[in-house]
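Chains as they are written, first to last, in numbering that gives the first Met the number 0: chain A, 0 to 544; chain B, 0 to 420; chain C, 0 to 427.
Hints are computed from structural coordinates only; laboratory data are not their basis.
Certain hints may be false.
[Stated by the list, open to error] Pairs of lysine-lysine, DSSO-like flavour, derived with a Cα cap of 27 Å:
#: 1; chain 1: A; residue 1: LYS64; chain 2: C; residue 2: LYS249
#: 2; chain 1: A; residue 1: LYS185; chain 2: A; residue 2: LYS197
#: 3; chain 1: A; residue 1: LYS439; chain 2: A; residue 2: LYS197
#: 4; chain 1: A; residue 1: LYS418; chain 2: A; residue 2: LYS439
#: 5; chain 1: A; residue 1: LYS376; chain 2: A; residue 2: LYS418
#: 6; chain 1: B; residue 1: LYS283; chain 2: A; residue 2: LYS361
#: 7; chain 1: C; residue 1: LYS249; chain 2: A; residue 2: LYS114
#: 8; chain 1: A; residue 1: LYS244; chain 2: A; residue 2: LYS418
#: 9; chain 1: A; residue 1: LYS5; chain 2: A; residue 2: LYS244
#: 10; chain 1: B; residue 1: LYS283; chain 2: B; residue 2: LYS347
#: 11; chain 1: A; residue 1: LYS361; chain 2: A; residue 2: LYS418
#: 12; chain 1: A; residue 1: LYS376; chain 2: B; residue 2: LYS283
[As the list claims (entries may be wrong)] Chain A is faced by these chain C residues, among others (derived, beta-carbon under 10 Å):
#: 13; residue: ARG96
#: 14; residue: ALA99
#: 15; residue: ALA204
#: 16; residue: PHE285
Source: prediction; values computed, not measured.
Yeah, the Cβ is synthetic: ideal placement off N, Cα and C, and Gly gets one too.
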Amino acid sequence: MELELKGITKRFGSLVANDGIDLVVAPGQVHALLGENGAGKSTLMNVLFGLLQPDNGEILIDHKKVTIHSPNDAIAAGIGMVHQHFMLVPVFTVAENVTLGHEETRPGGLLDRRKARADVRELSRRYGLEVDPDALVENLPVGIQQRVEIVKALVRNANVLILDEPTAVLTPAETQDLFRIIRELKAGGTSIIFISHKLKEVQAIADTISVLRRGKVVGQAAPTATEDQLAALMVGRDVQLVVSKDPAKPADVVLAVDGLTVTDETGRIWVNDLSFDVRGGEILGFAGVQGNGQTELCEALMGLRPIAAGQITLNSRDITHATPRRRLHSGIGYIPEDRQEDGLIGAFTVAENMVLDVYDRKPYASGIRLNLGAIEKNAAERIPEFDVRTTSADNPVGTLSGGNQQKVILARELGHEPKLLIASQPTRGLDVGSIEFVHKRIVAARDGGAAVMIVSAELDEIYALADRIAVMYEGRITGFRPPTVPVEELGKLMAGSTDAEAGAPGPPGPPPSQRAAAASGLRSDEGATREDTASKRPGGEEGEK
Amino acid sequence: MSEQVPHRPFWKKALFAVMEGNVVTVTVLAIFTAMVIGGLLTAFTNTAVLNAWGVFFSSPWHAINLAWDTAIGVYIELFEGSIFSPHTIAQLFQQASMSTALHDGYLSSVFTPISNTCLQATPLLLTGLAVALPYQAGLFNIGGESQWIGGAIVATYLGYGVSMPPGIHVIVCVLGGCVGGAVVGGAVGLLKATTGAHEVIVTIMLNYIMADFLAYLLSFHYLMQAPGVNPISPNIDSDSYLPHLFGPSLYVNVGFLISLAAAVFVWWLLTRTTTGFEFRAIGKNPSAARVAGVNVERNWVLVMVVAGGLAGLAAAAVIQGTDFQLTGTAYGTYGIDAITVALLGRGKPGGVVWAALLFGALYAGAPGMESITGTPGSIVDVLQALIVMFVAAPPLIRAVYRLRTTRAAGVSQVLSKGWNA
Amino acid sequence: MTTTATERELPVLLVEPPVSSFRRWLAPAAFLLFGLVDILVLGGYSHHGDAMFAFSAAGTKAGTLTLPARVTCYVCGGLTLALALVRAFVPMSVTLRRVAMGLVTFLFLVALLCWTDAGQAIPFYFTDLLQTTMITSIPIMLGALTGVVCSRSGIVNIGIEGQLLLGAFLAAIVTSGTGNLWLGLACGAIGGCLVGALLAVFSIAYGVDQVVLGVVLNTLILGLTDYMFDAVLSPHSTTLNSPNTFSAFKIPLLGDIPIIGPVFFNSNIFLYLTYIALFVVQVGLFATRWGLRTRAIGEHPTAADTVGIKVLAMRYRNVIVVGLLAGIGGAYLTIGSVGAFGEDMSSGFGYIALAAMIFGRYSPIGAISASLLFGFCFSLAQIMGSLNTPIQSNLLNMVPYVVTIVVLAGVVGKVRGPRAEGVPYVKA
């Protein structure tokens, strides 16, 4: 089945998200859509899947025009979609999620659960996507949840499968497994639209690459194009592929964490006997797939989560039981993972957000009275200093773009020169310009003597920024490495092997244990891919997303 | 940055502003729509009107006129009872001389409606603030009634049970009322802070509990019942009465000033203090507030204590200003009215002042209206609820009146997100 | 093999979650308190004599149980204290803990009833207590079922109180005016749907905050019914406010079972309608396609949207249709019991229904059980009031509301509602 998009245009007010896009997906092909955040990839796919209606343009299947007004129409036309943020109901079972929307029923509207289960098993078998129909989705690891999403699309006989940033939540090894599945689907005649901002993956799996920038298709490329060429197309100018930074000059230990254990009310262990140090003047990067305790670690460090055991020391002062306010006042800056939910108050003005954690201290307040003048003055200084693009300091911060919002948070946290900066996913969802800015400021903070701790799911970012890398898996640190570490080794650490097994770079070490392999659902003979040849450049990874 | 806005004459700007559906327009239209519906309701539940419409085709104009008169009559009487009645001016000028006018109270009767409005508005303003303040912090305080009762109990007891020098007695009773309400409010805040129990259900339960508790207190002479069989309290000492503002014939008293001062206090608290900053932060985004170091639970308790105190002040204003004793039904509809006043005022202290005056006017005019037109005074409750419903949904008003842009904010999604812990 | 194998053998879930000392000692302390109350207050202050419990309807002599009041109180207290010790020092699983709590409550109730009836000439009619519980709970049960369906669909329905009130009003006025009970019942049901429609339209189409909207709707219905009562019902009370009421009828066979029969199977149509409603909602939510989709739109509406379910349309339909249950519950208040309509007839039942829904963990059976608990409190207070106990009637009236707060405080936070409850659905 050949899918063609002709002249698709979609506007949101004055913003043109898609501008006359033409795309052809040949049958049995993997067509990659490459572009940075905000280029319009997701919008285009939402149009294709019927979640949005285009202002102009048409969709043709096998040269015949089809109208897609809703996901039902798209599914009927043979288009299936696996969203970036899973569309699975956590409290339902796999079978319930798969059948939702086109349930197998007995007379009277009663659900036919047996048939639903059988359907799931049949598809699992056919495509090698092992899933248990009766498992509760919320208990499944992320990689398996993705398989459920794929089964959901396949059960409706999708001929074209859209995968939206599918590897964002996978370890390198799980990514290889996904590629295997993609190749099997290809062999069966299914076309795949693979959306990503990761150059290396796109090169590894795609048959054709279309590059999107600012809503337009700016070029088609073959997978043999170089990274530089692709990156230049993506961003439209020569991109600085490395973050230029001087070597670190680590000083004394600022943050010392000893035996930290964090559990939640159900007894689940999120952080398991973790110990590490961060020195002033160095950046410690925490790598690892999301969901391995990094979020809980940051929350525990900031006092937002109770600790079951362990000790946290800041410049030799024990802050294990200090309140969040005390920690902030002791000189910790925190950039939370979810800036809109935890980092900013959307309805408050830019100026108010810039003093969100210091409003009760001089000069912004004396006793209970707020000093509005000081708050205004602070905003007037910081807005140009941090290049925040806004028409007024009194605009609600919710009206700013993602990049500018992050700059407001940076202005706030870096503005009072913290001794320790904790940044969690600092450039998620930002455009390249903002990413460069954020990276520069983080490095500047480090050079100013601050201890910096970064948590990121983007390996490129870790490689670019970190002076030391710590890998987290299931609440433990599986190893510390310098930023020269090769990707497969890092990948193995991320998948649970510890120092003993991951070995040093060089000739292949002892094979990973069978248990580790089974646990993350991969097959260990998939080690040799194009990733190996491209990745042996330490520190020279591209610095943009 | 901004495009060059062509210079428009003032009247055009005003017209566009009105057409655009901003806050004032929507409010005025909401009130107007509510009045229309209220008028229809009044007319068509009136026996005479129904009879006239029964024979509509024989005398259609009569039917329509009667309906119109009935409906309009309600509003005219409400206006005359609450703002200003032309008869009083006429009577004033009919007096022989200025001194008779003053002496026999003709001058003051001109101002009686407004005085009554301010009098009725006093507890509404205070209890409305008691709902508006927590609303800014993301809490929905429906317990105005229970907090009012708490304050009333303390203020009344201090009024008759304790004797003090004249100037002090008033102040102590007022403060006591404040404390009584604050305790009940604080209990709600404490429950929410320690267990997460949602304040809507807890406050409503407390309303019933406190009402029963009050009835209990008024059933036993050794508790708070005055000698006799009625469930009422003894009268409070006359030296704890709140002084009148304009002489004995106009009932408005110092309580009104207290309520205005409270509105200013709440405004100052919310916009000029760190505490208010924290309240508003919690109201808009509790997670971000927590991450920024704000102690959310402590602020919940604090805001409910202040809110309860405001409701308690309302009780003191009523007990010491007009009732002078406590009965089992003294709390009336203050709890519900507080909510409607706060919502009409969009949760801001300034708005609450106007809303309290509007509803105070309705209550001031209702008794007179009922005795003159025969329409039950509870039509005022319907009007209140309708006004609030329309104000809470600007898109509806805009759709009905074909207004244009979307600058008016209704009752935004503040409260439902934290509904179940 | 390697160290990793052994490291990862320990299942991650076996750790006892850290509990603050407040929570640890709360239950044993509460048990201790109950035990002391049993012994010192109830036992100590009871009149001399025996308490008689009758287990069948008034009049018949069969099945009476006589207990020495004071001694029974002491025994109950002693057992409760023993339970307190066990709870404090013996680790118990969650089910056992709940059983212990249930036991303590049961013992307290036995002691309380003994104290109530001690030395009185009339026996305590146990069946009366149960019967009154069942019928008092009807509006709460139906309201809670309405709440469950609305919440599961993602809409917080605080307006149950208004639905009950309008249902009561319309049922009374229509039945009185037309003389037809069934028509009145139907109109009461429609009244519930009307309020549901207002809730749905204003919250979905006009984006009003659902909690505020519910309260405002309740205020509106209260004002409207009060006004109509003043303007129309009072002056014309013989024609418009004197409805008949449904009479009870016994289900053959089932109604003859001792004790259970008269309680469950000898009542008017409303109780039977409640049974049917419970069955329909329970089966519907968990075994039908409608139920799966409803739960989906309440948990993850975006996911439902992407598989083609019309989220908003379903929310409208569910909220409006399920309103008829609350309308029927309201109709019970007039044409199912006292007949005439009075001001504020629903007296907070709608809010208690919400508490019952939360306590029942948003499941139909749970909500019904919790509603029965609250109904039990009301009927107990009523019967104790009629038995001349030293506790003044106003204090007794407080009890159900206090219990609601206690239950809510203990249970909220541990009950997870549908994830998208109260959050308006906006197409991304």
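Review point. Given the hint that C:LYS249 pairs with A:LYS114, does the C-alpha gap stay at or below 27 Å?
Key: violated (43 Å)
Review point. Was the hint right that C:PHE285 lines chain A, CB cutoff 10 Å?
Key: holds (9 Å)
Check your understanding: Given the hinted pair A:LYS439 and A:LYS197, is their alpha-carbon gap at most 27 Å?
Key -> holds (21 Å)
Check your understanding: Are the Cα atoms of A:LYS361 and A:LYS418 separated by 27 Å or less?
Key -> holds (19 Å)
**Study point:** Holds or violated: A:LYS64 to C:LYS249, with C-alpha atoms at most 27 Å apart
**Key:** Given pair A:LYS64, C:LYS249 is violated - Cα atoms ~66 Å apart, limit 27 Å.
**Study point:** Hinted pair B:LYS283 and A:LYS361, Cα distance within 27 Å
**Key:** holds (24 Å)
**Study point:** Hint status (Cβ of C:ARG96 to nearest Cβ of chain A, threshold 10 Å)
**Key:** violated (16 Å)
Exercise for review: Double-check C:ALA204 for me: the hint is only fine if its C-beta lies closer than 10 Å to a C-beta in chain A.
Suggested key: Hint violated; C:ALA204 Cβ to chain A Cβ min 20 Å, cut 10 Å.
Practice item. Mind checking the alpha carbons of A:LYS244 and A:LYS418 for me, to see if they're no more than 27 Å apart? Key: holds (20 Å)
Practice item. Take a quick look at whether A:LYS418 and A:LYS439 sit within 27 Å of each other, Cα to Cα. Key: holds (17 Å)
Practice item. Verify the proposed pairing of A:LYS376 with A:LYS418, using a straight-line Cα cut of 27 Å. Key: holds (24 Å)
**Study point:** Evaluation of the interface hint that places C:ALA99 against chain A, nearest CB under 10 Å
**Key:** violated (21 Å)
Going down the numbered hints, you'll see the structure goes against 1, 7, 9, 13, 14 and 15, while the others check out.
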